[in-house]
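Chains as they are written, first to last, in our numbering: chain A, 1 to 152; chain D, 153 to 312.
None of these hints come from the bench; they were simulated from the model.
Take the hints with a grain of salt, since some may be wrong.
[Unchecked claim] Interface residues of chain A toward chain D, partial, derived using beta-carbon atoms under 8 Å:
| id | residue |
| --- | --- |
| 1 | Ile71 |
| 2 | Leu72 |
| 3 | Phe73 |
| 4 | Phe82 |
| 5 | Trp86 |
| 6 | Asn93 |
| 7 | Ala96 |
| 8 | Glu100 |
| 9 | Ile107 |
[Unchecked claim] Covered by chain A, according to a simulated footprint, are these stretches of chain D (three or more residues, beta-carbon under 8 Å):
| id | stretch |
| --- | --- |
| 10 | 198–207 |
| 11 | 210–224 |
| 12 | 253–261 |
| 13 | 274–288 |
| 14 | 294–300 |
Every residue gets a Cβ at the ideal spot worked out from N, C-alpha and C, and that includes glycine.
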Amino acid sequence: MNSASQMLDALRPFLVYFALVIAIVVAMLALSWLLGQRQSRPAKDYPYESGIVSVGSAHFRISVHFYITAILFIIFDLEVVFLFAWAVAVRENGWAGFIEISIFIGILTVALLYLWRIGALDWRTQTQRRQLHSLQGPGGVTNIAPETGGRS
Amino acid sequence: MTLLFYSAGAIALIATLSVILSSNVVHALVYLIISLLSVAVIFFALGAPFAAMLEAIVYAGAIMVLFLFVMMMLNLGQATEDEERAWMQPSLWIGPGLLSGILLLLFVSTLLTHDVTLAPVEVSVRDISLLLFGPWLLAVELASMLLLAGLIAAYHLAKK
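If we strip away everything but chain A, and leave its shape as in the complex, we get (with noise of 0.2 Å):
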């Protein structure tokens, strides 16, 4: 069939890439198994507590604060779509689909800087907020904590 090797031809720089991905891999494994050092001994599981045997489970639950972050990436997600839907056909689109593309963007970046406004992208808890106030450094804003009895 002719329409088959088109598509294997067609397919073929897909073909390199899935093989270099595969060999990369491989041979990180191999290479760190080769190399690494193996060693068992009783103590070798054991989280390392200043030689301290450990107490209790390091199974806390942690806030589900961060989820937010992760809903809003979700929604972000989804914009993508559709500007890959419109980046697909740019030119038959026209100017039509270029104005409708940029409402689209103008929108949400509204949304995003909304969000940001109000503190949804900040992802430190009330109590961090309140202690730390930001500064003005050289290397941009640093969190640092006020002395006692200062600012807040």
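For chain A, the structure is supplied; the task is to place chain D on it using the hints.
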């Protein structure tokens, strides 16, 4: 393409079965990602590359990352695993199993009695793009409004 369809279908079935049967939540989620990716391959084999891309980006990429994120945050330990294993008894799965069985019977009987043509129709991403930004221009605009509402609502509902 037929081979692709059947192998992806087989992988989807095995992965989904593993999602149901595995007692470790994180393992189940990784199987769910494999299942969604193989469904994306099925969409591709049926001639719907845009749906395949959506499946990979939105479901496997974003929603599964969210699930995995939350599961790792919750940091469920051995106790939850034992609980999951204890839930794997017939009295609990027989109800949903029967209902899904009825659905499967209906589906198979419809396929057998009615004359359904399953010839795949190739719909390229370009066609969808021209439709979305042509006649359905307003729908995209409404979608952006919906996303805006979703963003704001998600923050305020999850806040407290």
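Tested hints:
1. Ile71: 5 Å, holds
2. Leu72: Where the cut-off is 8 Å and the nearest Cβ of chain D is about 6 Å from Leu72(A), the hint holds.
3. Phe73: Holds, about 6 Å.
4. Phe82: At about 6 Å, which falls below the 8 Å cut-off, the nearest Cβ of chain D leaves the hint on Phe82(A) intact, so it holds.
5. Trp86: With a minimum Cβ separation of about 6 Å from chain D (threshold 8 Å), the hint on Trp86(A) holds.
6. Asn93: Where the cut-off is 8 Å and the nearest Cβ of chain D is about 4 Å from Asn93(A), the hint holds.
7. Ala96: With Cβ-Cβ at 7 Å, under 8 Å, it holds.
8. Glu100: 5 Å, holds
9. Ile107: 5 Å, holds
10. 198–207: holds (count 3)
11. 210–224: holds (count 8)
12. 253–261: violated (count 0)
13. 274–288: holds (count 8)
14. 294–300: With 5 residues closer than 8 Å to chain A, the stretch 294–300 of chain D meets the three-residue bar; holds.
Violated hints amount to a single one, hint 12; each of the other numbered hints is respected by the structure.
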